[in-house]
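**Student:** The chain contents come next:
Protein chains: 2
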Amino acid sequence: MPSSIGRATFRFERRPSIRSFAAVVGKKEGEGPLHDFFDRIFIDTKLGQDSWEKAESQLQKEALSCAMQKGGLSAEEIELLFAGDLLNQCIGSSYGLRDMNIPFMGLYGACSTMAESLLLAAFSVDSGAVKQAAAVTSSHFCSAERQFRYPLEYGGVRPPTAQWTVTGSGAAIVSDTGGAPYIQMATVGKICDLGVTDINNMGAAMAPAAADTLTRFLQDTGTRPEDYDLILTGDLGFVGSDLLYELMEANGFDIRTQHNDCGKMIFDREAQDVHAGGSGCGCSASVLCSYILSGLRSGRMQRVLFMATGALMSTVSNQQGETIPAIAHLLFLSAQKEG
Amino acid sequence: MPSSIGRATFRFERRPSIRSFAAVVGKKEGEGPLHDFFDRIFIDTKLGQDSWEKAESQLQKEALSCAMQKGGLSAEEIELLFAGDLLNQCIGSSYGLRDMNIPFMGLYGACSTMAESLLLAAFSVDSGAVKQAAAVTSSHFCSAERQFRYPLEYGGVRPPTAQWTVTGSGAAIVSDTGGAPYIQMATVGKICDLGVTDINNMGAAMAPAAADTLTRFLQDTGTRPEDYDLILTGDLGFVGSDLLYELMEANGFDIRTQHNDCGKMIFDREAQDVHAGGSGCGCSASVLCSYILSGLRSGRMQRVLFMATGALMSTVSNQQGETIPAIAHLLFLSAQKEG
Chain R
396 MPSSIGRATF RFERRPSIRS FAAVVGKKEG EGPLHDFFDR IFIDTKLGQD
446 SWEKAESQLQ KEALSCAMQK GGLSAEEIEL LFAGDLLNQC IGSSYGLRDM
496 NIPFMGLYGA CSTMAESLLL AAFSVDSGAV KQAAAVTSSH FCSAERQFRY
546 PLEYGGVRPP TAQWTVTGSG AAIVSDTGGA PYIQMATVGK ICDLGVTDIN
596 NMGAAMAPAA ADTLTRFLQD TGTRPEDYDL ILTGDLGFVG SDLLYELMEA
646 NGFDIRTQHN DCGKMIFDRE AQDVHAGGSG CGCSASVLCS YILSGLRSGR
696 MQRVLFMATG ALMSTVSNQQ GETIPAIAHL LFLSAQKEG
Chain H
396 MPSSIGRATF RFERRPSIRS FAAVVGKKEG EGPLHDFFDR IFIDTKLGQD
446 SWEKAESQLQ KEALSCAMQK GGLSAEEIEL LFAGDLLNQC IGSSYGLRDM
496 NIPFMGLYGA CSTMAESLLL AAFSVDSGAV KQAAAVTSSH FCSAERQFRY
546 PLEYGGVRPP TAQWTVTGSG AAIVSDTGGA PYIQMATVGK ICDLGVTDIN
596 NMGAAMAPAA ADTLTRFLQD TGTRPEDYDL ILTGDLGFVG SDLLYELMEA
646 NGFDIRTQHN DCGKMIFDRE AQDVHAGGSG CGCSASVLCS YILSGLRSGR
696 MQRVLFMATG ALMSTVSNQQ GETIPAIAHL LFLSAQKEG
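Top line first, the protein sequences correspond to chains R and H. Using my numbering, the final residue of the first sequence is 734, and nothing's skipped along the way. Using my numbering, the final residue of the second sequence is 734, and nothing's skipped along the way.
Source of the hints: derived by calculation from the structure; they are not laboratory data. One thing to keep in mind: the hints can contain errors.
[As the list claims (entries may be wrong)] Derived list of chain H stretches under chain R, where covered just means 3 residues or more per stretch with a C-beta under 8 Å from a C-beta of chain R:
#1 474 to 480
#2 486 to 499
[Claimed, not checked] Pulled from the structure, derived: some chain H residues nowhere near chain R, Cβ distances all over 10 Å:
#3 425
#4 593
#5 655
#6 670
#7 694
#8 733
[To be verified] Residues from chain H that keep clear of chain R, each with C-beta distances beyond 12 Å, as calculated:
#9 647
#10 664
#11 693
#12 698
Just so it is clear, the structure is predicted and the values come from calculations on it, not from any experiment. Beta carbons: idealized from backbone N, C-alpha and C, even for Gly.
All chains should be built: construct the whole structure from the sequences, respecting the hints.
**Tutor:** So this is what it looks like as structure tokens:
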């Protein structure tokens, strides 16, 4: 069962396995550098649906179905499902997963949802009460743009600090049986708000939350950045990553060598015109559930800190002049059962 | 630690205590039949803020602060905070609780959030990894009306099946030490969708989810409705409650004697002109965290099934012609540690 080794840093005694995982993405993501690692690439980013929102729901359904199939699991064998997304009232999840008939816990963690859902799935499996729990999230460029920014037809100009919402979904099934990757530990994030108000610079708003969580994890575990192959943030993008380096340096940690960011990895910055990188719940979800987890399974990577970051604002809070609170949840994933 | 006694029905070995709780409400709720049980009644339903959304955030802050004070607990002693609300991107919670500096897990369960957050808090405490976890949610009539229905100034006419969103917040602190009430068991809900499309008849959309969860709990535990003092649903209101009776009867259970509904209890139907009763996350939260939990503490009640129901739709899904999926999570609360 889980034990506490610091304020909301948990050590998982059973080292739950990520028994299977899947990532499904849209056309643009499929043209990016991680092309070979995705389970499905939808050239029709509407997935045959009649709205962008329904397409996003379909992405979640496809990702979870694919993960279940790869793990040789039926829906009956999944005891809990943790899911959420960016859409108002999280309709990506509720409509995408309603036919699954799996006990469901809805989450809202914005772009931190992949880490939050995976953390709760690991916690429930490690407690011994659950054999298999699934974690799912998604985002869709078109549903996010029209909800958070402008109608696509308007053709608004994007400043260089803006990130590009990923069309994609990732699903992972955590189990008490199965091979690598294993979930060793986790740290739950706190809401951090350092007063950033620019909705076109989410990376800067989220970097302080990432720095807070990562610093607490390193301090609670007595480890250093060089103990890990990779310290992976969700989607700080290029601007937020640089800010994270500065904040971590002030806390006594240089993470430049180990750090990468899902928002930097999913697109080719030069060729794909995405400004500050990818973003959205589906960004860290689809990078984790493809390139990263397969790397831990094959042994290409050994020890990874996965930390998805989320901005907890809405268009209404922004219009009311509020600053942008953010959060980051962390998981320590490994290729071997350690400790 | 928790153990499974059915598909997502959990028995909590430690019987976590609801160590303290608080409910804060607006003027109309304060004029209702539960007047004497609320911790604070705000005559100014803007709580001195400059927007309804900020007022809702303030409600959550007041409820949690009050619960911490009543439990003799500082924010440092709360290890995890589970919270969510109805507003887009759950800004009621993120802005209301950002200054607390407590590790935070955001949830979206619509009006089921009080049960979902309490269930996860109980699960985390029962696992042994956490000493204290808090569960918080809220709703506000004015922020909900303008988000989901019409601007208040429009003066839209409400049909008789419509429910009235409660202005209020409830907070409960689950602890491994403390007296009654105790959390004995819980059942996680599944998403149910029987094809209701009328957003002015949420009770009917949510009743099938409540029937599914309650039936599973009774079957998994081998108990009958008469084994409980009270079977309390979140906010089915008058219309949804009648439908629940029919659905339960078809499953072999007559719950009419034991059943009540938070949406029926919070307002005086005759005097307060609320049509089909109260609704919103804050409805079940403020009824639970006042009249119900105090009744279990004093011994006025002995065994209560608390089941909050949520409709997992959005204005966008409704405009796109979608039906309304719903969910209900259940907790078995008791005045004595049993079993």
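**Student:** Going back to the hint list, which numbers does this structure go against?
**Tutor:** none
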